[in-house]
Amino acid sequence: MASGARAIGAVAVLLVAAPLAAVAFRAGGLSLSPADWAALRFTLWQAALSALISVALAVPVARALARRRFPGRSALITLMGAPFLLPVIVAVMGLLALFGRGGAVNAALSALGLPALSIYGLQGVLIAHVFLNLPLATRMILQGWLAIPAERFRLAESLSFTPAQTFRHLERPMLAEVLPGALATVFALCLTSFAVALILGGGPRATTLELAIYQAVRFDFDLAHAAGLALVQVLVGGAAALAAWAAARQAGFGAGLDREIPLTAPAGWRLGADALALGLAALFLLAPMAAVVIKGAPGLMDLPAQVWPALARSVLVALASVLLTLGAALGLALGAARGLRWLDIAAALPLATSGLVLGTGLFLLVHPLAPPTSLALPVTVMVNALLALPFAFRLLAPEALALKADYGRLADSLDLRGPARLRLLILPRLARPLGFAAGLVAALSMGDLGVIALFAGEQQATLPLVIQRLTAAYRMEAAAGASLLLVTASLALFWIMDRRGRHAAA
Amino acid sequence: MLRLDGIELMQGDFRLTADWQAARGAKLALIGPSGAGKSSLLSAIAGFFPPVAGRVLWDGQDIGQLPPGARPLTILFQDQNLFPHLTVAQNAAMGLRPDLRLTAGQRAEVDRALARVGLGGLGDRKPAQLSGGQIGRAALARALLRARPLLLLDEPFAALGPALKTDMLDLVAEVTDETGATLLMVTHDPADARRIADQTVLVADGIAHPPAPTEALFADPPPALRHYLGS
Numbered sequence: 018m019a020s021g022a023r024a025i026g027a028v029a030v031l032l033v034a035a036p037l038a039a040v041a042f043r044a045g046g047l048s049l050s051p052a053d054w055a056a057l058r059f060t061l062w063q064a065a066l067s068a069l070i071s072v073a074l075a076v077p078v079a080r081a082l083a084r085r086r087f088p089g090r091s092a093l094i095t096l097m098g099a100p101f102l103l104p105v106i107v108a109v110m111g112l113l114a115l116f117g118r119g120g121a122v123n124a125a126l127s128a129l130g131l132p133a134l135s136i137y138g139l140q141g142v143l144i145a146h147v148f149l150n151l152p153l154a155t156r157m158i159l160q161g162w163l164a165i166p167a168e169r170f171r172l173a174e175s176l177s178f179t180p181a182q183t184f185r186h187l188e189r190p191m192l193a194e195v196l197p198g199a200l201a202t203v204f205a206l207c208l209t210s211f212a213v214a215l216i217l218g219g220g221p222r223a224t225t226l227e228l229a230i231y232q233a234v235r236f237d238f239d240l241a242h243a244a245g246l247a248l249v250q251v252l253v254g255g256a257a258a259l260a261a262w263a264a265a266r267q268a269g270f271g272a273g274l275d276r277e278i279p280l281t282a283p284a285g286w287r288l289g290a291d292a293l294a295l296g297l298a299a300l301f302l303l304a305p306m307a308a309v310v311i312k313g314a315p316g317l318m319d320l321p322a323q324v325w326p327a328l329a330r331s332v333l334v335a336l337a338s339v340l341l342t343l344g345a346a347l348g349l350a351l352g353a354a355r356g357l358r359w360l361d362i363a364a365a366l367p368l369a370t371s372g373l374v375l376g377t378g379l380f381l382l383v384h385p386l387a388p389p390t391s392l393a394l395p396v397t398v399m400v401n402a403l404l405a406l407p408f409a410f411r412l413l414a415p416e417a418l419a420l421k422a423d424y425g426r427l428a429d430s431l432d433l434r435g436p437a438r439l440r441l442l443i444l445p446r447l448a449r450p451l452g453f454a455a456g457l458v459a460a461l462s463m464g465d466l467g468v469i470a471l472f473a474g475e476q477q478a479t480l481p482l483v484i485q486r487l488t489a490a491y492r493m494e495a496a497a498g499a500s501l502l503l504v505t506a507s508l509a510l511f512w513i514m515d516r517r518g519r520h521a522a523a
Numbered sequence: 004m005l006r007l008d009g010i011e012l013m014q015g016d017f018r019l020t021a022d023w024q025a026a027r028g029a030k031l032a033l034i035g036p037s038g039a040g041k042s043s044l045l046s047a048i049a050g051f052f053p054p055v056a057g058r059v060l061w062d063g064q065d066i067g068q069l070p071p072g073a074r075p076l077t078i079l080f081q082d083q084n085l086f087p088h089l090t091v092a093q094n095a096a097m098g099l100r101p102d103l104r105l106t107a108g109q110r111a112e113v114d115r116a117l118a119r120v121g122l123g124g125l126g127d128r129k130p131a132q133l134s135g136g137q138i139g140r141a142a143l144a145r146a147l148l149r150a151r152p153l154l155l156l157d158e159p160f161a162a163l164g165p166a167l168k169t170d171m172l173d174l175v176a177e178v179t180d181e182t183g184a185t186l187l188m189v190t191h192d193p194a195d196a197r198r199i200a201d202q203t204v205l206v207a208d209g210i211a212h213p214p215a216p217t218e219a220l221f222a223d224p225p226p227a228l229r230h231y232l233g234s
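Residue numbers (my numbering), protein chains in the order written: chain A, 18 to 523; chain B, 4 to 234.
In case anyone wonders, no lab produced these hints; they're calculated from the structure. Do not take every clue at face value.
Have a look at the derived ranges for each label pair, beta carbon to beta carbon [as the list claims (entries may be wrong)]:
(1) Q81(B) / P395(A): 44 to 52 Å
(2) T95(A) / R197(B): 57 to 65 Å
(3) A131(B) / R434(A): 19 to 27 Å
(4) S20(A) / A131(B): 30 to 38 Å
(5) A111(B) / R434(A): 23 to 31 Å
(6) E494(A) / R104(B): 56 to 64 Å
(7) A73(B) / R358(A): 24 to 32 Å
(8) A92(A) / Q81(B): 36 to 44 Å
(9) A521(A) / T106(B): 22 to 30 Å
(10) R104(B) / A329(A): 21 to 29 Å
(11) A73(B) / R517(A): 30 to 38 Å
Just so we're clear, the structure is a prediction, and the values are computed from it rather than from any experiment. Where is the CB? At the ideal position from N, CA and C, for every residue including glycine.
Please build the complete structure, drawing on both the sequences and the hints.
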């Protein structure tokens, strides 16, 4: 079993290293044009602002969730996990419906006699990134709050701490520990954001590196330029992603954020402030999702013909990615549990890249051999599987370690080995995290709009790409209908897989 | 015959030596203070704790290179002796075939073993539906089916009440008498040793002493044992 894990680790490293080597070789150095510098500056600037705003807003929301008990609280916490499963393009469609030119927000602004807000450019990118990352930041910070032992709060109460003193002695030290990880995580995620920039950004003032790579490949067919940009992206994004991975100890999307003994929460204006924070956060998160449903439902009956084969391709790509990712993540997790520490790094390595970077590298490797469009779907499967690997690994690794600690010696003493060990011990005991990880990988793959945009022609488009093309052609009703279809299919896949895992574990 | 030939265990500050043998069919209790290395010695014999020196021999064969599952022994741990997601019958059947691909004859054998330990008709239950004593019985049924010549008990019944523990020890004595197995049993209770062990190994001060007749040992305890017993 250990040799299998080593082989998987080696393949995972190779699949990341080979495209990066192709990029580095083709780039032939780092020479950036003024436009490239602008893209680099914009990438860093928007990621920094996105991280700051997301985390600053997440702190009051997390505090309110930590110290208040109210009906719907657990539903709200579940909602905080939803954007992980929501395809980015669907989120953007919802935000467009809400903040776009004819949207509710601008209608309200003009009724008040205020100038209209544009969803395009920097502010649009920021709105989308905060929408996508506020929940993640909230969950990370909430875990920090819940990690403070209840006894400490009771001690504070018995000493008649004022809220300010509680903050100073209990909450500020916790935040000092948790916030850097949350900031780094959101920053790293926003550095590699492609779909948001593709739809809401663009132009000389709002182009990210990822978008510039895409344009260099698709519009200019300047592969050396694309490779140079990809190299910059790897150097910047890779460092940030690995730093965030190290800084953020918890994953942030785990289940069960509850504590038996509720804390005594301060009353007075602080109750009102907490209610306001929660109300605004829920509104900000729910309204775009509601807009997707409201705008999409009429179009659902009259979807363009290319939507259905695209849906089938998306589902197939997702299922293939799930198989690859789970097989690899399970093998790596079991190997890591046996003490092969380097497998931790092998599993985290894809974080240092991005869909567009891997895509560019693979494009460079593939295109002398075969027309890239002919390999669009296999390449997408592989890249999706690789990019989901760190998340699946992080879900499985602690469970594999616990399994070995609890039953490893018993299984060894009974000579339970090989396929029988997999069938009778590992799969049944890990069914629950495997099901959850499968659902997560499926949803991530379903929503992916990255490498497929580099490779696909008309015949290979997945559903997110079709939605993007419909949007670009201003067929907004069809795009809204397809978005609703996509999010429904993604959530259905997640639900089925997660449920199967729970069911098998029960 | 089990022979520990110059065994030396080391881990951090912990150090233990053992150099003795036990005849086939002997019943040995290992007694001594916590942390002295009783469990570690059992782990070493079972293949979970490689000694830094010495050999473990069974009937003259060095078994030190064999993986745990291939050694001529069955071990019961302090806890986690059953897989909670498998039924009692499946857990017991692991003693026959770990992959559970049983013939009809083997299934009947599993039923007989369960009946022998007093679990007749409970084969379809999951461990969570069993009492602590029944869990011990199921593990013993698996040991019966595994039919290895050496049985190692690392205090699997420590969490049971006194009456239940006595029942289990009597069952162990019956099973080992029937199968002729050699028994090595860790305990911290002299009464356990006196009940079923004809010989006792004192594990103290970094040494697992050679087995001595149990009654004689307790009648005239050496200083280390006297210190442990507090008398």
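Consistency of the hints with the structure:
no.	hint	result
1	Q81(B) / P395(A): 44 to 52 Å	holds, 51 Å
2	T95(A) / R197(B): 57 to 65 Å	holds, 59 Å
3	A131(B) / R434(A): 19 to 27 Å	holds, 26 Å
4	S20(A) / A131(B): 30 to 38 Å	holds, 36 Å
5	A111(B) / R434(A): 23 to 31 Å	holds, 26 Å
6	E494(A) / R104(B): 56 to 64 Å	holds, 58 Å
7	A73(B) / R358(A): 24 to 32 Å	holds, 28 Å
8	A92(A) / Q81(B): 36 to 44 Å	holds, 43 Å
9	A521(A) / T106(B): 22 to 30 Å	holds, 27 Å
10	R104(B) / A329(A): 21 to 29 Å	violated, 39 Å
11	A73(B) / R517(A): 30 to 38 Å	holds, 36 Å
Checked against the numbered hints above, the structure violates only hint 10.
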